[in-house]
Structure formats: C-alpha cells, structure tokens
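Counting with the UniProt record's numbering, you get residues 1 to 1051 for the letters of the sequence shown.
A hint or two may mislead.
Said to hold, decoys possible - Lysine to aspartate or glutamate pairs mimicking EDC-like chemistry, simulated, CA-CA at most 20 Å apart:
no. : residue 1 : residue 2
1   : K691      : E517
2   : K691      : E701
3   : K846      : E292
4   : K727      : E701
Simulated from the structure, these hints should not be mistaken for laboratory data.
Keep in mind it's a predicted model, so treat the numbers as computed, not measured.
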Amino acid sequence: MIYSKQIPLADKELNDSDRLISFNRSIAALSGCSRGLTILAAITLGFVFTPGCKSKQNDGVAKSSSASSGVGEASLMDPIGGASDRDATGRPESDKPFDDKLFDIATSLQAAHAHLEDGELAEAESLLRKILLVNPTDVQAIFELASIQVTRGQLNDAIDLFDAVPVDDGQMAVRAAGQAAELCVKQERFADALERYRKVLAIFPASPLAHRQIAFILNRQGRRHEAARHVRVLCKLGNVRQDELHSLMVLSDAIYDDPNEKASHQSDGVRHYPIGPSGLARKLFSEKRYVEAADLLSESVNSPDTPVAVQALYGRCLAEAQDDERFVVWLGQVDESIRNTSEFWSAIGTWMLNQKRFDESVRAFLEAVVRDPTDAYSYRRLIQAFTALDRPDDAKRWDDRHQLLRTTTLASNEIGKLVEPDLDQYKTVIEGLEGLDRPLEALMWRAIEQHHRSQPQTDLKQFNEQRAMLVSSNTAFPNTQQRLCGLELSKFPLVELANIAPASGVYKARLTVNSVEPPSFENVASSIGLDHTYRLAAEPLDAGFAIYQAIGGGVAVLDFDLDGTCDFYFAQGNSDPPTLSGGKSNQLFQNRSGNLSDVTSVSGASDVRYSIGVTAGDWNQDGFPDIVVANLGINTLLINNGDGTFRAQATDSNDDVTRVSTSVAMGDVTGDNLPDIFEGVYIHDKGFDAKPTIKPDGQVEFVSPLDYQPGMDRIFINDPTGRLIVKDVSESPDDRRTGLGAVIADFDSDVGNELYVGNDVRPNQLWKWNSAGQWTDTAPLTGTALGYDGTRTASMGIAMGDFDRSGTLDFHITNFEAAPSRLYMNHLGTFQDRALAFRLAEDSHKLVGFGTQAIDYSNDGFPDLAVTNGHVENTNVPESPFEQPPQLFANFGNRFELMKVEDPSGYFETLHAGRALARLDYNQDGKSDFVVTHMEAPSALLINRTATKNHWLDLAVVGVDCERDAIGTKIELKSGDQTWTNWVIAGDGYLCRNEPVVSFGLGAVETVDTMSVTWADGDVQTFSNVRVDQRLLLVQHDPTPFALVFGAARD
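All chains, full assembly: derive it from the sequences and hints.
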C-alpha cells in the first residue's frame, strides 16, 4: 500500500492557550476584521457551554451529561421539571396566570439567576418561563433556561431552546447556533450539528471554530472532500492545526483513529473515530477493501437523505471492486450533483481503463484531478493510460508528480508518529507541497517548523504577510493548469455517459459452484527418497541474504527416460562469490516404481554452478526432453542422449556472474516451429552480492531490486543448423526490468506464442514477435503490465488456466506483502485484474507469494490455486515472518476461498520459506499433485489425497508440423452444454516446469462428446466420444489418440 493510513498528528501549535496556529492579532487586520471582531470570535464563538448554575444536590451533573444520559432522562422527566415544580393541584407553577403588565423582566432575570446560583432549578425555571411568555425572544432567558435543561441532561430540549434565538440577533444567534451544534454532537445528531454550524457560517463566514468543527465531523464521516473545503478556509485565515493540514494530503484516504487504541501522544484529545457507515466505508476504501466498503454503503445510498459525497464514494467503491453489474445500476441513477464530484470521475476513469478505452479514461481522470489535485489513485492510472497510449513523456510527468505526492505524504505520516519533531521530515513536506503547487499549505507547515526552531515573532509576521499575499492573489492553491500538469482537457474525448456501459463491457462469471470437496494432501518426500534442500551459500544461511540468494531455486518435472513416470531436476546454489561454483551439484531424481533415486552423477546431469531457474523441453526435436539451467554466469543446456545420460553445453560464452538469471522457458517464440529458450534476468549489477544492513537491534533491512541495475532478458534462438543465437529481447534500455516469473503461451488466440514476463516492482511485459523479426511489448495495451489500481507488482509466480470457464486464458500472479495477488481475467481480448472481485486480495495481502499453479484438486472442472509463500529475508520483524503458510484456494466460479487442508504429514500446518512450485500427477491417479522447493529446508512432494468421485482426462501432445512439445496448443472439450478449455504452456511461472500434460477435471461427466485440438501452427483436429478417467497421447495429424498405460506403482 503506497499510502499508509492517515492518522491524526501530534499537535505542534504555536499558541498553547487555544491550541491553534495563529500568528498574532495582526491577522485580524490583514484579513479585513477588526480587533474587536477577533475577540468576539475567540469569546462568543467558543461554543463551549458553561451553565450558569451549580446544583447543591450534585455539582457534577452538568459535567457528566452525555448523549446516552441526556436521551434517557429526557424520555422520563416532565419537559418543564419534576413534581416540586407544581402547585398543590398538580398544575405547574409556570401555568398559573399572572399580570404581565406588572411583570418586571429585568428583576425576574436577576432573581432567576440568583436561583440558579443557589441550585434552585425549579424556581429559576418558573421565572424564566414567565419571562418567555412576555417576550418569547428574550435571549438571556433562553440561554438561562437552556442551561437548566443541560444540567438536567435534557439536551434535546436545550437544543430546541437555542434554535429559538432569532437569526437576526447577530452575536447571540451565532453563540446559540454554536452551542446547539455542540449539544447535537453530544447527542450524536451529526447531521443536525452540521446544519447548525452552517447556520453560524451564514452569519459569520470567517468563524474558525465553525469551519473546524464542520471539517472534523465530515472527516469522521468519510466526506473528505467536503471537509477539505473548510480546512482550506482555515489555511486562508491562518488558523489551522497540524492534524488538519495533514488531512489535506490525500483526500481519497481516510483520516481516522482506531477507537480500541489509546490516544498515544496526542495532547488535545482530538480523535477521528469513524462516524456511521460512510466513515467506516472510507476507512475500508483506504485499506483497499472495496467490496466490503461497497456492501456497507449499499443500503444507505438508497436513502434520499444520503449526501452527494457518499453516493459518489459508493460508485467509486463499486468501480474499484470491479462490481460491474452494480456499477452500471449506480451509473444510471446519478444526477448532476454527483457528476460534479471528483470521485465520480475517478470511478468513470477506472471503468474506462478496464475497458481499455484509454483516451476517454485520461479525460475522466483529468476531470477527477481538476476537482481533487490530491487524487493519487488517478495519478497512478494516468500513468497506466498514457503508457498504453505510447505517450511516455506524459506518463513520466504524472509518475514524477505521483512520486512527489507519495514522498510528501509519507513524510507527513512520519511526523505524526513522532513525539519529538523531526525537522528533516518537515522540510520534505514543505518542499513537496511547494513542488505540488500547494504554496499556502507549505507556508502553514513552515510556520509550524519555525515554531519548533523557536524563531522570533518577526518571522511569524513575515509568514502572515506571505499568507495574506497568497490569499489576495488567488494563488494559495493550484490552479487548473497546474492541476492538469499543463495538459488541455479538450485534447481528450469527453466520456459519453449514456454509452459508457454497453452490455458487452459488463464482466459476469458464466458458471458457479455451490460446494467443493474438502482438500487433502500429504507430503511424501522423505518416504519416497526425495532428498533435496536448496542451499543459499557454501555454509547454511538463515538471514542476511544477498539479492540473488533471496530468489531461491527451481525444479523441473520431466520424464527423461520415457518410462511414463515423473522424474525431477532440482537447482542448487551452495557456493559463494567470487567463483559461485564448486559446491554441491544440481540433482536429477529418477522415478523407479514410485521411489526416487539420485542419478545425477551417473547420468552426466551435474552442474556445480550457482543455479536458480530450471526448465525442460525437446530442444533438438529427437523426442527426449532436454534440460536448461539458469546459472550465475554461463547457463547450461543438458542434451538428453536418449540412453539415460546427458551431455552439457554452454548456452553462450559470456561467463558474467553479475547477471542474475531467474526463470527460463523453452518454446517457439519466433514462429519457425523450433523451440527457443527464454532467460529472465533479474539484475545485472556488479554489486549483486551486497549484503543487507543489520540494525543494532538485530532487525535486517532486506535488499531491494530498486537499488540495482535491472537486467535485459535474453532469447536463445534455435537456428535450424543447431546453433544458439543469443539476442536481447529489446534494444531499448528502457526495457531492462527485474524478471522473475515467465510463461510462453498463446495469449491472443492468433497463431504464434507470446512471452509473458513478471517483473519485480517494475511493469510486467507481454512480448509478441512481429513480422520485422522483433518483439513488441503489448502488456500496456492488453492490461497486463500493472495491477487493477495502476500499481506495479512483485510478480513471482504465474499460474495459467481458464478460471471462469469462458474459453479464454486467464492467469494469476503472486505479489509482495501488503499488496494483493493479481488475477488477470481475459475479457473481450484484453485482460482485467479481478483479484478483488474474486476475493483473492484479503487472504494474499499479508503474505509474500512465490510459486503458484492452477490445480483442480477435486476435478470438479474449475481450476483452483496452490500458492507457496515466504519472505525474501528473515528480518526479525514479527509482522513480516520469514516462514509463512502455504495456501490452497478453491474456485467457486465467481470467487476463490482459502481452504483448510487435511494433511496427515503436517505440511500445511507448518510454516515454510517456499519458492518454486510445479504441478504433476506423481502417482498417476488422475489427481493433481505438486512439488515445492524451499530456502534452506527440504523440498516437498504433496500428493493429492482428496476424496472425490469426479472424473478427469489427461492429455499429452506431440507436434509434427509445429515443434514437438506443441507449446501454444489449445484443447477444448465439450459434453452436453458444458465446455472446458486448457492449453499447452511452457515456463510455468516461477523457476519451474510442470509435468508436460494438459489436465482436465470433468466433474460428474462420464463421456466427452467432442475434443477439439487447435495445434500451435493453427491446424485443427477433432475427436468424438472420448472416454474419461484416462491419459491419452495426441500426435498431430494422427486420427486416433493413444491410450497410455503405465507400470508405475499407484498408492
């Protein structure tokens, strides 16, 4: 989360008497007010009601009155007093007839006041009511009588009395309205309080306390943009507090306090507890819990009394939550008042961006920032839209502005956490606000800073003169051109709201699942002979990782001896700079009747370099899978000789250990029907082996990829003569990124594969080979470069599948902590990140995700998700543990749910520092298993023990005209009105390679009516009446599938 929650700051005021930033009494003259009026504001507009009486029976009654006690007592007591206030007949004394001609109001007021001083409330009330019978607008009588009601706890009656003061009574009307407002706040009648504070402003527009209280209530109600208008008035008046300045930073985010937490170091007790559904919704919005926020507001927005700002917030929550159906309904109900809010336009821009209508989204976001120049959300999405429009200068302009706003806000947040002022942070805030064209706010912060420096009053006078100049010249806040960063609105098409939401643009899940079988997995690694631990260095290392060590090591699943069972090739580090070689070798495990044997040495598959990523594929098209190893330095290609042995060859001669290679993938990306090799490069930096800083308290500050030179990914092209031609994926230095996960697949359904690269903290890339023999990055246009909110991701694991059964390829990407994973759903040829809508965000938010795969664990036909998690460093910070739990998410068609896994081995109940995760069916029972590597801990093989009667079909493919592995082939199964789709994919995400089998869960279906295979070169074959619960081999052009029967032991 870029912006931490906005908490109220410690007040560092310049005047301790009233805890306000007020420079001196010359402010009144400079703002056009007399000194007398300034005193009036300080005295008569205080609104702090002090009853003019003390009860002899209870001195504390007035002090202890509260909203609850006031309501309770008002409902039980007679409106004009208790039994002692009545005569012998039971008639109230005030009801007795009297001669008003003989009644002296002045004398009666004095007598009433004397009764109040003596605590004789009934006697005082009787006189005051008689006065009001003679003169219903006698202000002093009204105030005295109201004080009695307050003392009795009858606050609502006191409010009614204050409301009776005529508006044209000037000073006393202001005082009465202010005190009525305060009592409304005590009664939690916040709407009524706002009405009365606004009554004060109608009489005295420059009332600081009225503006302050209105802003305070509105901020607590989540109506941040309305509150900001009043805080800006306080800035103009030179009468603003530090917490109020802080509230102006980013208006989309909440400013709030947790009611369950103590007030910490705040000196004045100002606590921003959320008020009502809108206040809580704003808090949820700040935490990116958009679905919950929308649900919370869904009932209240239907009320005609719902404020415009709350209705706009509701629409924005729907847009952020990607709740297309409710968004379209909301859009049809908005009126002109809602359309004039910044949050309305931000919602429209978000919708348009999801629809890939980039020009219109730019216009909508610009409309938003014209109304709210603090809208960091719109800043991020403007970067995204301008990047897609291939306008890098404009994208950079908004990126620079966003980074400046981020830095400024974070510094403001840090100030709020400190008891003692940090003047460097103040400097950051001041310079940031000046750079954001917000000079008056900067001046107010500078005044606070100068106070902490104990500067003389002459400096305060100078600040006051500067304030007056900014206000009079109308340059206190950014003008339209400054808000637009020099762009012209008219250059971008205005959104036609009537056509904004065509039916085709509304995303809706096609199928849903009502219930799923409980999952069950068991780690059998130790019992079958899987003995592998990825070592980060020559000696065991439990913390203080260099950046290359934090990546971990991979695993490839292959059948190198073609006996029909799964073998494994594991990467190994186990060495140190400068050689990064000579330690333990990578390991090749051969499956022998269900048990594994380490055949690394006898097979010639050894590699003692520091290895990270691995993959497999048929490089030389001889039918035997070869192995590719990504090393620090020269990569290795292990050619399968077909006799159980391998011969090693280098991929190139550049032995550069400063190039940190990660995932590798093998598949045809040049369209010549020969497999190529992709090498992801994380960083290319001489300082690659730098160790992190360790603080005196033992806390480790993990290294960041932003501190290193990013790398350029490479392609090893398979020349028909057998040579490897090495090419950078791009000639532009701007395309250097921090590649982690990688996948080769047919993303766009055109003939030919694309290459997707998940980059850490930099935009992801989707490379497409063009006719000119170059790769073009189509990620910005297809919506796969950034997350739904325009933010970059950590992008480790990538899981591919048709998650919504729409017949198109979707994918899931893991992310860093404090950020949700991503779920890119294919919609009308482009992608939308719908992790929030599919309920993946909350359970992934706290963890650091690495390997992930689509695994239909119950074979119900809906691909589920397996994820391994673990931090990049053992930081010794409890909130960021190094070892973390694995996760299994069940797919319900329109959402994912985190499942509790039955596990007799205890793997799912313990914590791990997981890295690579690959899918396979080890025991050939038709249920998907998975293998996981860890940091400095044994690798695991999780066998699927889920009890299910669902059916399945596994398919292996062999290309003839296309490459033998047939990467990019699409297979579609149909049975009745149901359809299932899957693809042949290479790369498989993070440092790994899955078993090269296309798996289908089919639920209760017993026969596949038709099976359509669209081969990688566009050739199509169709098969009918396919039996389920078997594995078939499909050979291109062969009319009959081959049923594969294996001899491996089943358990």
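Results for each hint:
| no. | hint | verdict |
| --- | --- | --- |
| 1 | K691 / E517 | violated (46 Å) |
| 2 | K691 / E701 | holds (10 Å) |
| 3 | K846 / E292 | holds (17 Å) |
| 4 | K727 / E701 | violated (36 Å) |
Comparing the model with each earlier hint shows violations of hints 1, 4; every other hint is respected.
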